[in-house]
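Q: Construct the complete structure from the given sequences, taking the supplied hints into account.
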Amino acid sequence: MRAAGGPDVAVGDVLLSVENVSLSFGGVRAVSDVSFDIRKGEIRAIIGPNGAGKTSMLNVINGFYQPQEGRITFKGQTRAKMRPHDAAYGGIARTFQNVALFRGMTALDNIMAGRTLKMHASFFWQLLRYGPALREEVEHREHVEEIIDFLKIQEIRRVPVGRLPYGLQKRVELGRALAMEPELLLLDEPMAGMNLEEKEDMSRFVLDVNDHYGTTITLIEHDMGVVMDLSDRVVVLDHGIKIADGTPDEVKRNQAVIGAYLGVAH
Amino acid sequence: MDILYKIFLDPFVQMGTAPDLFVQTLWEGVVGGMLYALIALGFVLIFKASGVFNFAQGIMVVFAALTLVGLYNAGVPAFLALGLTIAVMFALAFAVERIVLRPLINQPDIILFMATFGLTYFLIGFGEFVFGGDPKVMITEQLYLPKGTITYKALGGVVSLQKLDIAAAVIASIMVAGLAVFFSKTRIGRALRAVADSHSAALSVGISLEQIWVIVWFAAGLVALVTGIMWGARSDVSFALDVIALKALPVLILGGLTSIPGAIVGGLIIGVGEKLWEFYWGPLIGGGTDSWFAFVLALVFLLFRPQGLFGERIIERV
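Line by line, the protein sequences give chains A and B. Under the numbering used here, the first residue of the first sequence is numbered 1, with each subsequent residue one higher. Under the numbering used here, the first residue of the second sequence is numbered 1, with each subsequent residue one higher.
No lab work stands behind these hints: they were computed from the structure. Any given hint could be a false lead.
[What the hints assert, rightly or not] What the simulated footprint calls covered on chain B by chain A, stretch by stretch (three residues with Cβ under 8 Å from a Cβ of chain A suffice, anywhere in the stretch; the number is not a length):
1. 178-189
2. 203-217
[What the hints assert, rightly or not] Not everything, but these chain A residues come out facing chain B in the computed CB check (under 7 Å):
3. Ala-88
4. Ala-100
5. Arg-103
6. Met-105
7. Asp-109
8. Met-119
Don't be surprised by glycine CBs; every beta carbon is placed ideally from N, CA and C.
A: Structure representation (structure tokens):
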């Protein structure tokens, strides 16, 4: 599926496009006039030095922040104001830079929480935990067990996640996002703070998710090796401005990118 | 020596020689403790899901009871009045989310805490305005709650139990068990716990905070209604009840702010401890220990176990 180089690596139609988006907090401009698109089935990386506005961009995409200017079109629909709940409903799932799990809950319950929007039994039946509510629990539990197998975390499913090592927490968080059966999966530094072995595992999971479920993935990552290996296309931000956009090879050779990462003599 | 004997030995000798009195006191303590536990439970529900310390929980108990009795006195049949009161508690939850919580989202906790003070005074004023300030009698008979006492000849004496208290214990236990299952085994229950742990993560999986807040405030309102009926049946329904609601604070300190089992166990410890202390040790210092025992016990707990019996341990990483 991954085309070998060339400008036309795009896999499918545009799934989400960001047009001229600007976001500022008070007087601080986090993102200015950024445009790019994410195509169906690809792995898209957003990279850039610290403070480049990568996480802000992700937060805009899933509705945590509302950009002051610009438009976002997802699945052909340009949205006005969107809240995180709507994003989740529309099929956007995400993980967080500093792992945001439900710490008191078990790994299993965390991943089950990802099924929230897929479950519909009414409040009444849930109060009784009988009939439709119980059937639904069982049905969704099966799906969650598949994800648990896929991520190879069978042994820890009953452990409260607060007690798990960091690498496994990241994996549970990925599981929770996958449980939403997202069309677009946003990963905010999925390998941050991991050792080499964990990074390799996580990279494999990212590729497997993309292959196996056909999920479109957008990830922020610092490790350039990982980015170059994983992604189909890369967008580079620096100080909130887009400085490059293209295949890993193109980006690597781009003078502005080299400047941003290594610093240029003034 | 005499004083030491009176403090450390005599009470236990009394307990041993008159077991019927001991059991009777214990039972009274359990019943009182259950009501404390129910109020604390209302606090915990809201605190867990929204991080708001709801000062108005005590008043919600009175307000619920007052609405029920007020509607009945206005000529509404008892069970219809009960249904309507439930609807009123839902409307209250909905209004609180819209008018109080939503505009104050992302504000510091202390602001939300103060807002619940405002809610308290609003409910007092509104309740008095609509239903009048005079004490009212709870409609226990009309709701088919049992009356009278059961007397056992046992333990070399007589133990008498109010049927109403037994009914209260049964209803409270069923409600708590139901809540426990609901919280641990259902989608909404999971969503509630999820919100308690991390707002942003909960949002990212599509949980709507607004909806969850309405649900917890409604749940706390239902707990308040049950508490109000039980409590109103033992004394009468008036705003004087809310002073007793302050007893829920030591219960929370004992049990931990975030733990439902903690609220139950804490309530029972305070209820039973209070009654036993008053009965066996009270006479030594002239009685009247009910009003302070709970708070002193809470103070001792704060010294040695500030997170409470079941609360989450507070660990700060530097």
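Q: Does the CB of Ala-100 (chain A) sit less than 7 Å away from some CB of chain B?
A: With Cβ-Cβ at 4 Å, under 7 Å, it holds.
Q: How does the segment 178-189 of chain B fare against chain A when you require at least three residues with a CB closer than 8 Å, holds or violated?
A: holds (count 8)
Q: Counting residues of the segment 203-217 of chain B with a beta carbon closer than 8 Å to any beta carbon of chain A, are there 3 or more?
A: Holds: 7 residues of the segment 203-217 of chain B have a Cβ under 8 Å from chain A.
Q: Given Asp-109 (chain A) was flagged as interface, is its beta-carbon under 7 Å from a beta-carbon of chain B?
A: Given a least distance of 6 Å, the restraint on Asp-109 (chain A) holds.
Q: With chain B as the partner, please determine if Met-105 (chain A) meets the hint condition of a C-beta pair closer than 7 Å.
A: holds (6 Å)
Q: Please verify that hint: Arg-103 (chain A), Cβ, nearest Cβ of chain B, below 7 Å or not.
A: The hint holds - Arg-103 (chain A) has a Cβ within 7 Å of chain B, the shortest such distance being about 5 Å.
Q: Go through the hint on Ala-88 (chain A) and say holds or violated, using the shortest Cβ distance to chain B against 7 Å.
A: It holds, given that the least Cβ distance between Ala-88 (chain A) and chain B is near 3 Å, below 7 Å.
Q: Hint Met-119 (chain A) vs chain B: min CB-CB distance below 7 Å?
A: holds (5 Å)
Going through the hint list in order, the structure satisfies each hint without exception.
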